[in-house]
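Asker: Each chain, letter by letter, is given below.
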Amino acid sequence: MESNIAVTNEKKPTWGGGGVKPFGASYGKMMMWFFIVSDALTFSAFLAAYGLTRFKFINSWPIADEVFTHVPFVHGEFPMIYVAFMTFVLIASSVTMVLAVDAGHQMNKNKVTVYMLLTIIGGIIFVGSQAWEWNTFINGSYGAVKTTDGKILQFTKQSGVDKDGNAIFKQIALADFVVGDRGNARVQHTKGNGLWFEDEGTISQYSIAQIISSYEGNPDIQIRTELIDLDKKQKKILSREKGAEELAKTRLIVEGANLEVNEYGNTIFADFFFFITGFHGFHVFSGIIFNIIVFFNVIVGTYEKRGHYEMVEKVGLYWHFVDLVWVFVFTFFYLV
Amino acid sequence: MAHAQSHTKRIWNVFWILSAITIVEVILGIYKPDVLHLTSFLGTSPLNWLFIILTLAKAYGITWSFMHMEGEKTWFRRAVVWTAVFLIIYLVTLLLIEGDYLYSTLAPLVRW
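For the record, the sequence lines run as chains H and P. So that you can map any letter, position 226 of the first sequence is 218 in the working numbering, and since no number is skipped, the others follow by simple counting. So that you can map any letter, position 9 of the second sequence is 972 in the working numbering, and since no number is skipped, the others follow by simple counting.
Next comes chain P alone, as it looks inside the complex (with noise of 0.2 Å):
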């Protein structure tokens, strides 16, 4: 271990791709393109899907490369990995849809 192979070149690809990612997230940001940003595609418009899958990108970036994920033995990376993974699913959806409910019960009862 104590002379083990050196990633710098590896680590600063990683950097410049999240950088990259993030460069991207903001100009879409920015301008907002009327075609991905007034479309609406399963329940909300293609921009927010497409922000959403660049955050998924750059955490998986994080999470396998620089917390080393990649490396861990793969159980370990699974007991980690899965349980998170369902049970945020689980929780988002539950209060994503509650969220909802709550919307179409109490909009009638906001007048504008």
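Pulled out of the complex, with its shape left as it was, chain H reads as follows (with noise of 0.2 Å):
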């Protein structure tokens, strides 16, 4: 019976005060553990969710290499490159917050320090590769058009045989063969040659038509569906003709990406795209507020004064924490 009883009169009350322990855990510490069971069921719910759309359109989800494809200050495709860069960076923070800890236990504080200051660091770099991922993704690598009944589609250029002697078609930009005058003379509504008080979204540089001629008068072109060959696992080309009759059918150019339009295929791909790398990157936002706290706390030694470095510990488990998600999210965005 007494071993139920949580709280005591006597001097010795459960946690603080050097009494019981449950399960030989600090308050703090549990505490961390049991929010971090509770932040990994909200991640594995977006994630699941994401799974569970991927699976409802299995035959025309984007193919995550042709979609991350970029490297800042080099140009060219380099699928996954830049995605691995990060996931290591994250790594390695994580390694060197469990120097800190170590470092911790050994009261030594000028590692601990030293420890704490690349962990943050490491945390900025990821945070910060993470916004030129979305800044990249917004912008968009390619344009393509979107038709009346909402398929998107892509422009292509054939680049060489495989050893079957089947064609192996490339992506191309709008830029790459959109030629001539748009036609119409639309110009982009700004209030300083329109009405002050209404607002245009970003129009494109070229019109329909202008793309519709541009890909009748250039026969290498071929428009690329979303849809997937399931057994070669790449994207179906469309012959000229069906891809004219296609073309037909545009209603909107789309250059990027947004919560709206998607020029790499499946809005909500990149709705997906936004809100668990968003959320994820949040939480590294936060980690890094909350190393920065410990770190300035280890400098003025707070924990030398208390005794123990167990803030330190605390705010590592949240850190190897985040590690841990952006390994799923690594997987399952980019890899699978």
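Everything labelled a hint here was simulated from the structure, so no lab data went into it. Small disclaimer: the values here were computed from a predicted structure and weren't measured. Possibly wrong hints are sitting among the right ones.
Which chain H residues face chain P? A few, computed with CB under 8 Å, are given here [stated by the list, open to error]:
1. Ala17
2. Ser36
3. Ala40
4. Ala41
5. Ile50
6. Pro71
7. Val90
8. Leu309
9. Leu316
10. Phe320
Think about it this way: if two alpha-carbon atoms lie no more than 20 Å apart in a straight line, the pair counts; the simulated SDA-like pairs of lysine to any residue are [claimed, not checked]:
11. H:Lys21 <-> P:Trp1027
12. H:Lys241 <-> H:Gly209
13. H:Lys13 <-> P:Arg1041
Which stretches of chain H does chain P cover? Using the computed rule of at least three CB atoms under 8 Å from a CB of chain P, they are [claimed, not checked]:
14. 21 to 29
15. 83 to 89
16. 214 to 228
Just so you know, even glycine gets a beta-carbon here, dropped at the ideal spot from N, CA and C.
Join the two chains, each given in its own frame, into one complex according to the hints.
Answerer: Right, here's the structure in full:
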């Protein structure tokens, strides 16, 4: 019976004061673990919802290799490389965090300070990379058109043949083949040239008619649909005639991605990308803030006076959890 | 506790293992060997299964070593891990089955 009573009126209360510690864990550490469980369930719910949606559109989901291909300061297509770098940075900052905790156990203030600083720097590099990734995704790289029935059509050009003699197609940007004048003299409406109380979303520099006539005038261009050839795991390419038929239904020119349109394919893919990586990025950001607070506490000697560095351990748990989530986001967004 | 043993060497070992797994994943992700990528095993390609297994291995490394789960009391560890793992498997299974159902109902309506 006595073991079930949490609050005692003796001088040794449960938790704090050197009394009983349930599960041998301190209050703060246990609650951090339970918070992590609930947060893990939140993230799993997002990823599971992503899975549901992907299964729902299994034959038209964007192929990650064709979406995330860019590396800062370098031209060309290098799928996976940059996101692998980001993963590596986060794992490395996890290591410096463990090393800080380890140094804390030995009451080595200088080492804790250095390792906390390195962890913070790693976190900042990661968040910066994610911002760059978002920027690239939002701006888009090729441009596409959306038809009246909501399909995204991309433009490709044959770039060679594979070993079986099948043509290999490479996506090209609107700027690479659209020629001539837009034809309708349409200009972007601004407050300066129109009504000062009206706004207009950015319009493309190309017109729909211009894209269609450029397609017709250039026999090398073929249209890539969202539909996946499940045998080859590649997007299906339409013949010239079929392509012209689909292109005639164009409703909108899409350059880049936001919550409403997405040049890479299904809009909901972009929605999930913003939502999941955004929520994770927000966790990293708050982790950096916690780390900075603890870092200054280490410097002013708060934990030295307290006699233990358990606070470093607790923010460490949170920081590793952020890394743990990224491992899953990396797999389900970029690899699988 | 003041002069606990340092585990630096072990920490670096785990780091190298996690990095190696990531590198293997990236190489497979870039080259996507046809044997693994275009074949099917238990509902998806063997490559995807490989990615999932490697991810779980990484998650284990992070939780057990970095988050020091191995040092916690047995039932505390189970309270955290079993709860999370059970609920996640449950949720993921239901939602993926539902997604598959939605596809089979919806796909005939989308003409390409």
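Asker: Each of the hints needs a verdict: does it hold here or not?
Answerer: Okay, the hints, checked on the actual structure:
no.: 1; hint: Ala17; result: holds (6 Å)
no.: 2; hint: Ser36; result: holds (4 Å)
no.: 3; hint: Ala40; result: holds (4 Å)
no.: 4; hint: Ala41; result: holds (7 Å)
no.: 5; hint: Ile50; result: holds (5 Å)
no.: 6; hint: Pro71; result: holds (6 Å)
no.: 7; hint: Val90; result: holds (5 Å)
no.: 8; hint: Leu309; result: holds (6 Å)
no.: 9; hint: Leu316; result: holds (5 Å)
no.: 10; hint: Phe320; result: holds (6 Å)
no.: 11; hint: H:Lys21 <-> P:Trp1027; result: holds (15 Å)
no.: 12; hint: H:Lys241 <-> H:Gly209; result: holds (18 Å)
no.: 13; hint: H:Lys13 <-> P:Arg1041; result: holds (17 Å)
no.: 14; hint: 21 to 29; result: holds (count 5)
no.: 15; hint: 83 to 89; result: holds (count 5)
no.: 16; hint: 214 to 228; result: holds (count 6)
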